[in-house]
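Keeping their order, the protein sequence lines are chains L and B. So that you can map any letter, position 102 of the first sequence is 121 in our numbering, and since no number is skipped, the others follow by simple counting. So that you can map any letter, position 130 of the second sequence is 161 in our numbering, and since no number is skipped, the others follow by simple counting.
To be clear, the hints were calculated from the coordinates, so they are not data collected in a lab. None of the values given here were measured: they were computed from a predicted structure. Mixed in with the good hints, there may be bad ones.
Quick list of in silico lysine-lysine cross-link-like pairs, DSS-like style, CA-CA up to 25 Å [as the list claims (entries may be wrong)]: (1) Lys-381(B) with Lys-130(L); (2) Lys-463(L) with Lys-377(L); (3) Lys-388(L) with Lys-187(L); (4) Lys-172(B) with Lys-371(B); (5) Lys-463(L) with Lys-129(L); (6) Lys-463(L) with Lys-388(L); (7) Lys-187(L) with Lys-381(B); (8) Lys-128(L) with Lys-462(L); (9) Lys-375(L) with Lys-321(L); (10) Lys-462(L) with Lys-375(L); (11) Lys-379(B) with Lys-128(L); (12) Lys-130(L) with Lys-388(B); (13) Lys-129(L) with Lys-388(B); (14) Lys-388(L) with Lys-130(L); (15) Lys-379(B) with Lys-471(B).
Chain B residues, not near chain L, derived (Cβ > 10 Å throughout) [as the list claims (entries may be wrong)]: (16) Ile-60; (17) Arg-127; (18) Ser-128; (19) Met-132; (20) Arg-372; (21) Leu-420; (22) Asn-467.
If you want the footprint, here are the derived chain L segments under chain B, 3+ residues with CB under 8 Å [said to hold, decoys possible]: (23) 170-177; (24) 185-196; (25) 210-220.
Glycine is no exception: its CB is placed at the ideal position from the N, C-alpha and C atoms.
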Amino acid sequence: MSNLPILPILISIPLIGLIFILLSSENDEFALQSKRSALWTSISNFLLSLYLPLNFDKSIPHFQFVNSFGWFNSDNLKFSLGVDGLSMPFIVLSTFLILLCVIFLYPQKKKNMRMYLASFILLESFLIGTFSSIDLFSFYIFFESILIPMYLIIGFWGGERRIYSAYKFFLYTLLGSVLMLLAIIFLYQEFGTTSIPRLFDFSLPFYIQVWLWLAFFASFAVKIPMWPFHTWLPDAHVEAPTEGSVILAGILLKLGGYGFIRFNLSILPDASIFFTPFIYFLSVIAIIYTSLIALVQEDMKKLIAYSSVAHMGFVTLGIFSSNLQGLHGAIIQMISHGIISAALFFSIGSIYNRYKTKEINFYGGLGHKMSKFSVFFLIFTLGAIGFPGTSGFIGEYLTLLSVYSKSTLVAFLSATGVVLAASYMLILYKRVFLGVVNERIEKKTERLNIFEILTYSILAVVIFIFGIKPNLILDYTSSSLERIIKLYPISIF
Amino acid sequence: MIYIPEVFMSIGFLIILIISVFVKKNQNIVLGYLSLLLIFLTQFFVLKDIFLFEEIFNNFFVIDSFGSFLKSVILICAGFVIYFYIIVKNDSSLNRSEFSMIILISIIGMMLMVSSNDLLSLFVSIELQSLALYILVSFSKEDFNSSEAGVKYFVIGSLSTCIFLFGSSLIYGLVGSTNFSEISQFMSDQYSVPLLLVVGLIFILVSLSLKISAAPFHMWTPDVYQGSPSLVTAFLSTAPKVAVFGVLIRVLVYPFGEIIVDWGKILVILSIFSMLIGSLGALRQDDLKRLMAYSTINHIGFILMGLVPGSEDGITAICIYLIFYITMNLGVFLFILNMKRDQLNVTKIKDLSGLYKTEPLIAGCLALLFFSMAGIPPLAGFISKLLILNIVIDNNLFFLAIIAVITSVISAFYYIRLVKSMFFDSPTEELDLLTNSQSKLLLSIFGLFNLSVIFYPQFFLNLCASITLSLFALR
Numbered sequence: 020m021s022n023l024p025i026l027p028i029l030i031s032i033p034l035i036g037l038i039f040i041l042l043s044s045e046n047d048e049f050a051l052q053s054k055r056s057a058l059w060t061s062i063s064n065f066l067l068s069l070y071l072p073l074n075f076d077k078s079i080p081h082f083q084f085v086n087s088f089g090w091f092n093s094d095n096l097k098f099s100l101g102v103d104g105l106s107m108p109f110i111v112l113s114t115f116l117i118l119l120c121v122i123f124l125y126p127q128k129k130k131n132m133r134m135y136l137a138s139f140i141l142l143e144s145f146l147i148g149t150f151s152s153i154d155l156f157s158f159y160i161f162f163e164s165i166l167i168p169m170y171l172i173i174g175f176w177g178g179e180r181r182i183y184s185a186y187k188f189f190l191y192t193l194l195g196s197v198l199m200l201l202a203i204i205f206l207y208q209e210f211g212t213t214s215i216p217r218l219f220d221f222s223l224p225f226y227i228q229v230w231l232w233l234a235f236f237a238s239f240a241v242k243i244p245m246w247p248f249h250t251w252l253p254d255a256h257v258e259a260p261t262e263g264s265v266i267l268a269g270i271l272l273k274l275g276g277y278g279f280i281r282f283n284l285s286i287l288p289d290a291s292i293f294f295t296p297f298i299y300f301l302s303v304i305a306i307i308y309t310s311l312i313a314l315v316q317e318d319m320k321k322l323i324a325y326s327s328v329a330h331m332g333f334v335t336l337g338i339f340s341s342n343l344q345g346l347h348g349a350i351i352q353m354i355s356h357g358i359i360s361a362a363l364f365f366s367i368g369s370i371y372n373r374y375k376t377k378e379i380n381f382y383g384g385l386g387h388k389m390s391k392f393s394v395f396f397l398i399f400t401l402g403a404i405g406f407p408g409t410s411g412f413i414g415e416y417l418t419l420l421s422v423y424s425k426s427t428l429v430a431f432l433s434a435t436g437v438v439l440a441a442s443y444m445l446i447l448y449k450r451v452f453l454g455v456v457n458e459r460i461e462k463k464t465e466r467l468n469i470f471e472i473l474t475y476s477i478l479a480v481v482i483f484i485f486g487i488k489p490n491l492i493l494d495y496t497s498s499s500l501e502r503i504i505k506l507y508p509i510s511i512f
Numbered sequence: 032m033i034y035i036p037e038v039f040m041s042i043g044f045l046i047i048l049i050i051s052v053f054v055k056k057n058q059n060i061v062l063g064y065l066s067l068l069l070i071f072l073t074q075f076f077v078l079k080d081i082f083l084f085e086e087i088f089n090n091f092f093v094i095d096s097f098g099s100f101l102k103s104v105i106l107i108c109a110g111f112v113i114y115f116y117i118i119v120k121n122d123s124s125l126n127r128s129e130f131s132m133i134i135l136i137s138i139i140g141m142m143l144m145v146s147s148n149d150l151l152s153l154f155v156s157i158e159l160q161s162l163a164l165y166i167l168v169s170f171s172k173e174d175f176n177s178s179e180a181g182v183k184y185f186v187i188g189s190l191s192t193c194i195f196l197f198g199s200s201l202i203y204g205l206v207g208s209t210n211f212s213e214i215s216q217f218m219s220d221q222y223s224v225p226l227l228l229v230v231g232l233i234f235i236l237v238s239l240s241l242k243i244s245a246a247p248f249h250m251w252t253p254d255v256y257q258g259s260p261s262l263v264t265a266f267l268s269t270a271p272k273v274a275v276f277g278v279l280i281r282v283l284v285y286p287f288g289e290i291i292v293d294w295g296k297i298l299v300i301l302s303i304f305s306m307l308i309g310s311l312g313a314l315r316q317d318d319l320k321r322l323m324a325y326s327t328i329n330h331i332g333f334i335l336m337g338l339v340p341g342s343e344d345g346i347t348a349i350c351i352y353l354i355f356y357i358t359m360n361l362g363v364f365l366f367i368l369n370m371k372r373d374q375l376n377v378t379k380i381k382d383l384s385g386l387y388k389t390e391p392l393i394a395g396c397l398a399l400l401f402f403s404m405a406g407i408p409p410l411a412g413f414i415s416k417l418l419i420l421n422i423v424i425d426n427n428l429f430f431l432a433i434i435a436v437i438t439s440v441i442s443a444f445y446y447i448r449l450v451k452s453m454f455f456d457s458p459t460e461e462l463d464l465l466t467n468s469q470s471k472l473l474l475s476i477f478g479l480f481n482l483s484v485i486f487y488p489q490f491f492l493n494l495c496a497s498i499t500l501s502l503f504a505l506r
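Please build the complete structure, drawing on both the sequences and the hints.
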């Protein structure tokens, strides 16, 4: 393996790009200069992030590309970066989606475009940092830092009730994560180290594990979000600008799932076993309840937001089934949801930019006017339903398979979520794209521009690639996941 | 001559006093510059002897690196405040020759405070700094609020003095001496500590809590903060807090270290109250200075937690917290000093609205300071809170840690409300802001400092750890 410090480079390139963006002039209306800087930054970061999968040794379950820096002057508290099979796909997903956001933004006009791009580029740096931290404290610092740019994105460029939503997003997430901070400090006190690979070697008594598990759960359950803690998500999604929603649904929610696997499952296996029925209960409720809510939504973004909660229900089911299929299913589901929901939010953004409303009732017969767009949207819809051939199918299938081996009832109940997903997504498609062209749409039509076509084609291709060949991801993840499963005391019951 | 800094300061102060007679009425700035120079030179003397240890004046005072470090911090605070006085000329009522000199007197008091080794010398020096502060608070003669705040502060301060004296007399009656080392000796000789001694300590604790505005002894804080001139509030919320914390640490750890079980519990109660009142009380405030008062109470509660175990690490964390807290507070008050509309000073939160549109750089720096106060990583405030929480959890005080983080989430609410009004609200009326570039530069430096601390926390950790060592090594 070469000694290129790839992870520090990936984190620092956006920060360098940030300086260029902030220094660029905002005289012209399109803020072309800052857009160019953002585009170059995100392209180069995406290409560099491909270095990871190309040079990744699939047979090693441990962390690779490790870089450590002394931080607090103690040997055990370092600023360490590294990736394993679990975090690698998410890093590439982050750079990929940020790049798409910048491409999508390129032809648009927005107030204060320079700061908007700067927030996204800053977010990219923090996201890569979060996924590549292998030290609890550096993880927490990156994890929390994300709040600041995201708060500004929702609050500054959002919709009407943006301020309320930004508050809700900020405080919910903060409340969850400060409890995690206490758990992290406790782990540090207990073992004298916060290095994640070294924490794997220790084990804790059960009653302590339970408390720590709950503290981590509070943070990630809000982030992912699970059923009773999900109320911030629809508000945040509806009010956030298009690209904000894309990043929120595409990557930020995955932080929750990633955290569950990385911390709750790996470091606290006994408590995870203990709480599995609890998680199943919440996940099943999430899948059914939020799907039913999604059925009656009048706002497109809110519908997709609720469907995200349902899809994340599958992820938590898969994660806590604690077998390889379940974990694989969860990871595929997260990646595919990251791509599909991003695609759906981009599409809604496209429609919104043209007609300035997200009310489903406003539309009808859009397919006659924007035929290319309707095909793309159909692909994304099918992906969200979990149609065979798309990546959504693999995730749901693997998850249900693993849950079935544990509990038939849970598998049965959660499978209804698939049917419900089909109904709300197809109803959405029908109401917006099919039927008679109504006169509000007749008046004003505008074709897709080249940047939108580019974005959608890339997304559609990726959906199909992962749908047909999920091993592209699973090859990387399996050895790391096997290592986590091995930590399970009674993984098969 | 070991006691150089204070003596030098006093002589310098007297010289400036003489000079002030000959300075023309509208040239008070000259005195400001002279005071700044004096503070600089004193700082040099303090730092020169920072590793010295000596007990002087018949054990009345002790020179050690902990005290010298706090003196240096106090001098830095005062230096900034006087520098603000020079660069921001917004308040005509402060434009009198006495201002910088009264600040100098109070600094002399504080410097004596942090090196006192005897209840008597402690009392005298506390009085010296308090009397100066009473004058400062009521400095604007024309302003009714300022006079009201002055009276309030004076009444509460005298109460605190009485309580302190009563506590000291109880201790003197039992021990037969007011010297810290003899009290400490007395404690270690006793098989069980008499209850009356604990009562005496509680009186002293209450008196000091009144000074640092720890709840439930915080009542005066919001009124005094709001009423006094902004520059005085900036001073009030930084330097005296450092000094009183120094005293608190010295009194509790050294002579009363034996009865940590007793005062530890009291500190827990004080810190829980402070954090709750500091975070809940600020929610409904609409005045920035009042809100800063509650924010101070909240921070004080957080800092007090670090003292509960009375350990070396805890005191290191407190020192670091104090340094970061000062930079945040001074930055925010520097901005408040510059808030002006139609030639009138304004301090309402809604006056902040739309600041981003007119002054993006200032709004950004201020947002950094507020986020830092809320303890959001990667800013300085997070590191200090992390260190304190680390101490608390190390001592298995989990309930305290949970209360601390929940109150800090509540307090995050009002800090991000400030960020909200700066960034998201449309401006009602614009402020005539920051006409001088020096304030802009200084505010950016404060913001940048808070942002960059994450890269070198070990510097502060090493510094403060070596400082606190002196407190424990030489018992």
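Taking the hints in turn, this is what the structure says about them:
no.	hint	in the structure
1	Lys-381(B) with Lys-130(L)	holds (23 Å)
2	Lys-463(L) with Lys-377(L)	holds (16 Å)
3	Lys-388(L) with Lys-187(L)	violated (38 Å)
4	Lys-172(B) with Lys-371(B)	holds (20 Å)
5	Lys-463(L) with Lys-129(L)	holds (21 Å)
6	Lys-463(L) with Lys-388(L)	holds (10 Å)
7	Lys-187(L) with Lys-381(B)	holds (21 Å)
8	Lys-128(L) with Lys-462(L)	holds (22 Å)
9	Lys-375(L) with Lys-321(L)	holds (16 Å)
10	Lys-462(L) with Lys-375(L)	holds (14 Å)
11	Lys-379(B) with Lys-128(L)	violated (34 Å)
12	Lys-130(L) with Lys-388(B)	holds (11 Å)
13	Lys-129(L) with Lys-388(B)	holds (15 Å)
14	Lys-388(L) with Lys-130(L)	violated (29 Å)
15	Lys-379(B) with Lys-471(B)	holds (20 Å)
16	Ile-60	holds (36 Å)
17	Arg-127	holds (43 Å)
18	Ser-128	holds (44 Å)
19	Met-132	holds (42 Å)
20	Arg-372	holds (24 Å)
21	Leu-420	violated (6 Å)
22	Asn-467	holds (24 Å)
23	170-177	holds (count 4)
24	185-196	holds (count 6)
25	210-220	violated (count 0)
Going through the hint list in order, the structure does not satisfy hints 3, 11, 14, 21, 25.
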